[in-house]
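> If you read the sequences in order, they're chains A and B. Each residue of the first sequence is one higher than the one before, counting from 1 in the numbering used here. Each residue of the second sequence is one higher than the one before, counting from 1 in the numbering used here.
Please note: incorrect hints may appear among the correct ones.
Same chains, same label: a pair holds when it works inside one copy or across any pair of copies.
In silico SDA-like links for lysine to any residue, alpha-carbon gap of 25 Å or less [to be verified]:
1) 393 with 310
2) 283 with 172
3) 235 with 145
4) 193 with 459
5) 57 with 308
6) 393 with 420
7) 42 with 345
8) 193 with 142
9) 193 with 363
10) 283 with 59
11) 57 with 202
12) 42 with 188
13) 235 with 117
14) 422 with 375
15) 283 with 194
16) 283 with 375
17) 193 with 442
18) 235 with 350
19) 57 with 289
20) 283 with 356
Because the hints were derived from the structure by calculation, they are not lab data.
There are 2 protein chains.
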Amino acid sequence: MSHATFNRSTDGLPTAVDPAHLAATLAEQRPEDVVDLLNQNKPGFAAAVLLASPDPKAVAVFDQPELRNGSAIASILPADRAARLLNQVSADRLADIFREMRVSDRNHLPALVSSETRSTLERLLRYPDDCAGSIMTTEFVAVPADWTVEQVLAHVREVEHTRETVYAIYVLDADGTLLRALSLRRLIAADPKGDLLAVAPNLTPLAVAPDAPLEEAVRLISKYNLLALPVVDAKQHPIGIITVDDAVDVLVAQQDAQVQHFGGMEPLDTPYLRIGFFELIRKRAGWLSLLFLAEMLTASAMQTYQDELERAIVLSLFIPLIMSSGGNSGSQATSLVIRALAVRDMHLQDWWRVILRELPAGILLGAVLGALGATRIAVWQGLAVFDYGPHWKLIALTVVLALVGIVTFGSIVGSMLPFVLKRLGFDPATASAPFVATLVDVSGIVIYFTAASLVLRGTLL
Amino acid sequence: MSHATFNRSTDGLPTAVDPAHLAATLAEQRPEDVVDLLNQNKPGFAAAVLLASPDPKAVAVFDQPELRNGSAIASILPADRAARLLNQVSADRLADIFREMRVSDRNHLPALVSSETRSTLERLLRYPDDCAGSIMTTEFVAVPADWTVEQVLAHVREVEHTRETVYAIYVLDADGTLLRALSLRRLIAADPKGDLLAVAPNLTPLAVAPDAPLEEAVRLISKYNLLALPVVDAKQHPIGIITVDDAVDVLVAQQDAQVQHFGGMEPLDTPYLRIGFFELIRKRAGWLSLLFLAEMLTASAMQTYQDELERAIVLSLFIPLIMSSGGNSGSQATSLVIRALAVRDMHLQDWWRVILRELPAGILLGAVLGALGATRIAVWQGLAVFDYGPHWKLIALTVVLALVGIVTFGSIVGSMLPFVLKRLGFDPATASAPFVATLVDVSGIVIYFTAASLVLRGTLL
Numbered sequence: 001m002s003h004a005t006f007n008r009s010t011d012g013l014p015t016a017v018d019p020a021h022l023a024a025t026l027a028e029q030r031p032e033d034v035v036d037l038l039n040q041n042k043p044g045f046a047a048a049v050l051l052a053s054p055d056p057k058a059v060a061v062f063d064q065p066e067l068r069n070g071s072a073i074a075s076i077l078p079a080d081r082a083a084r085l086l087n088q089v090s091a092d093r094l095a096d097i098f099r100e101m102r103v104s105d106r107n108h109l110p111a112l113v114s115s116e117t118r119s120t121l122e123r124l125l126r127y128p129d130d131c132a133g134s135i136m137t138t139e140f141v142a143v144p145a146d147w148t149v150e151q152v153l154a155h156v157r158e159v160e161h162t163r164e165t166v167y168a169i170y171v172l173d174a175d176g177t178l179l180r181a182l183s184l185r186r187l188i189a190a191d192p193k194g195d196l197l198a199v200a201p202n203l204t205p206l207a208v209a210p211d212a213p214l215e216e217a218v219r220l221i222s223k224y225n226l227l228a229l230p231v232v233d234a235k236q237h238p239i240g241i242i243t244v245d246d247a248v249d250v251l252v253a254q255q256d257a258q259v260q261h262f263g264g265m266e267p268l269d270t271p272y273l274r275i276g277f278f279e280l281i282r283k284r285a286g287w288l289s290l291l292f293l294a295e296m297l298t299a300s301a302m303q304t305y306q307d308e309l310e311r312a313i314v315l316s317l318f319i320p321l322i323m324s325s326g327g328n329s330g331s332q333a334t335s336l337v338i339r340a341l342a343v344r345d346m347h348l349q350d351w352w353r354v355i356l357r358e359l360p361a362g363i364l365l366g367a368v369l370g371a372l373g374a375t376r377i378a379v380w381q382g383l384a385v386f387d388y389g390p391h392w393k394l395i396a397l398t399v400v401l402a403l404v405g406i407v408t409f410g411s412i413v414g415s416m417l418p419f420v421l422k423r424l425g426f427d428p429a430t431a432s433a434p435f436v437a438t439l440v441d442v443s444g445i446v447i448y449f450t451a452a453s454l455v456l457r458g459t460l461l
Numbered sequence: 001m002s003h004a005t006f007n008r009s010t011d012g013l014p015t016a017v018d019p020a021h022l023a024a025t026l027a028e029q030r031p032e033d034v035v036d037l038l039n040q041n042k043p044g045f046a047a048a049v050l051l052a053s054p055d056p057k058a059v060a061v062f063d064q065p066e067l068r069n070g071s072a073i074a075s076i077l078p079a080d081r082a083a084r085l086l087n088q089v090s091a092d093r094l095a096d097i098f099r100e101m102r103v104s105d106r107n108h109l110p111a112l113v114s115s116e117t118r119s120t121l122e123r124l125l126r127y128p129d130d131c132a133g134s135i136m137t138t139e140f141v142a143v144p145a146d147w148t149v150e151q152v153l154a155h156v157r158e159v160e161h162t163r164e165t166v167y168a169i170y171v172l173d174a175d176g177t178l179l180r181a182l183s184l185r186r187l188i189a190a191d192p193k194g195d196l197l198a199v200a201p202n203l204t205p206l207a208v209a210p211d212a213p214l215e216e217a218v219r220l221i222s223k224y225n226l227l228a229l230p231v232v233d234a235k236q237h238p239i240g241i242i243t244v245d246d247a248v249d250v251l252v253a254q255q256d257a258q259v260q261h262f263g264g265m266e267p268l269d270t271p272y273l274r275i276g277f278f279e280l281i282r283k284r285a286g287w288l289s290l291l292f293l294a295e296m297l298t299a300s301a302m303q304t305y306q307d308e309l310e311r312a313i314v315l316s317l318f319i320p321l322i323m324s325s326g327g328n329s330g331s332q333a334t335s336l337v338i339r340a341l342a343v344r345d346m347h348l349q350d351w352w353r354v355i356l357r358e359l360p361a362g363i364l365l366g367a368v369l370g371a372l373g374a375t376r377i378a379v380w381q382g383l384a385v386f387d388y389g390p391h392w393k394l395i396a397l398t399v400v401l402a403l404v405g406i407v408t409f410g411s412i413v414g415s416m417l418p419f420v421l422k423r424l425g426f427d428p429a430t431a432s433a434p435f436v437a438t439l440v441d442v443s444g445i446v447i448y449f450t451a452a453s454l455v456l457r458g459t460l461l
């Protein structure tokens, strides 16, 4: 339960700790905890600690996706040690380390790893970041269909230490085509002399293509509670697996990205306190400026209604209140639909069902807010807190009508935005609360002044 | 790869399908896919299908957390069949089914399950929804420390079909205290005659208390790539385990809840298209009304500046533009901090570091937007698209100053909101984009008019 914590050095440098001494202390620590410590220090220090650690420990540390600066650390280590360690690191993790490498180092290190590792690496590096192939590993257990249970168990024992998982075993026919998937638990509970195919469930295994979207692989692992999902080529030959712990990492990263997207910015891929200041600005300024430019239309819309504003300045008082309600209801609707599309509770063709719900929902929610707004105006007027003038009842009516219109419009626009983005081939999760608010704001002004001109014509306007 | 799909009946009733016939068709389907189909139908139909299915299939279906109306289906089945099936369902899932049961049915069904199941169930039902105990299961493998590898393997073979997982094996001392955790893969690769303790890694196993927060259990499973995490009582005796597939389910549910929170509403716990209309309204109206009431302060703030507005109506044109920028920058900062706190990249005591970043970030981002805004005013004036009057340069300056002030203020407020919520004991994820925008809007008006009075005193004001 308890795992030792170390002095956190806030400046990123250890406070006079001898790396060799530290390596000895770390011998009994979990690799994940060693990574936590190394991440708080410069690559040079991390390399010194790993240099003083035995191979299995150093490999286990390199194997952690959470290790930062893996490529820098590898570059600092003596070339032969780096090669020996990297040859033992799992293929998917090795590909990650190469991806973060500078091009000059990339040319240098492959010479060090074995030719077999190199060709695997070259294949893995070909897949873009967002597809299943990019997180698969090539170390899985595949056996011919004519083996007995006993033979497979003997094989598992032999290759256990070089495989990412041995809990999922893939049965291939003579061509190397994936025939069945089998769990180790089922295998060890079976009669050792028995036929492999008699033990394996009679189902075509679930699998994905290497260029399938990452989220599809994660969805299958999550839905079918898989410990591993095979990745197959066009001939249905398994070329790798995606393990459940990789799926968990993707889910956590997606959660970050989704909230940051929804917050109206490019997701950071570095922790907030570690990202460079100008990188942080860059990730935020883009969307912020874009939204600002779009929001400039509100100034144009307001200019159109300048005459009305001059005649009835009282109308300007409710502009922020009314506009924000449209943005808020839109933001709610967007968040609902983004998630429903992501978990496949809803599909592209369900858009009209959403409209059929959002239309009455928007009208009702707008009426609720309208009642609150009208009450406020009546109370302020009644208690003489503020004088909205002789036509205050008409102003209240304008506010109610505008709220019903804007909240309904916000709900419809907010709920349709993810559908439109998906239809156009974008990720629906790029829809954000500020994005929706901006879309709704301009029309909010138009709706408000339209309501005003209908209600107040002949009196204030 | 391909798995058969069925006609979706949109009204929730099957289109003249015979349940027994369907059960035969489903025999070769994965339980997850059977659940998808049953979920589209009424409990009575689902019960008829399960009644016609063999026990192992029906149990596998009940074991799926995605099955809706599990308790209703169980209540419709003949009592003896229901009892036989429920006795074989895993303990954590059985507890879920009981949680969703009406009180009258709750009293009825426990009589059917075995006394052993009943006492497990009573223990599990004691834990509230958001703690580790609520998703643990009691079917795990625990063995005495003095067994040999061979003995443990024989035990695993024997109990395999009644355990949620056999891949994590827990080694207990004579008192029943958790001593070591061991993976099955390590066990089968070891010398059968060997000593268990020589094979198990020399580490105190990670574990949680049953009342630990759910998210802590998920964090440990995710960080340490565990297939299962033991839950221990005060004496360190294991009382259950949480498996990685439960952690995955929690992560997916959290993702929904977090996005919906951030969208400014109470998370739905039913899919959007299935939730009742008035339930949907209830989940949205609460926050929407609360935000509306808070946003009413903008009307009060505007009332304060009515004189200024009357003298310089041109100022009103930029109100939506400037206010939305504060909300947008605040929304970005909030989304960053919510996630950093959730994944523990940041802790409560790091708030001042965040301020030290957000202050310069806000000033710089505000200056970027200010430059865009001033350019717009100059271009519109220069091209005579709109006449901002003889003091247009001062108006542009007002806009720049206000944007720097509001974006900085928005960034600070947005980034501090999750800290404040956490400090007050709330979930930082209840901070939402509309919440931040509302907080920032009132102060935005004050900042804007303050900038205006500084710049325009003696000219327009």
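> Looking back at the numbered hints, which does the structure fail to meet, lowest number first?
2, 4, 5, 6, 9, 10, 12, 14, 15, 17, 18 and 19
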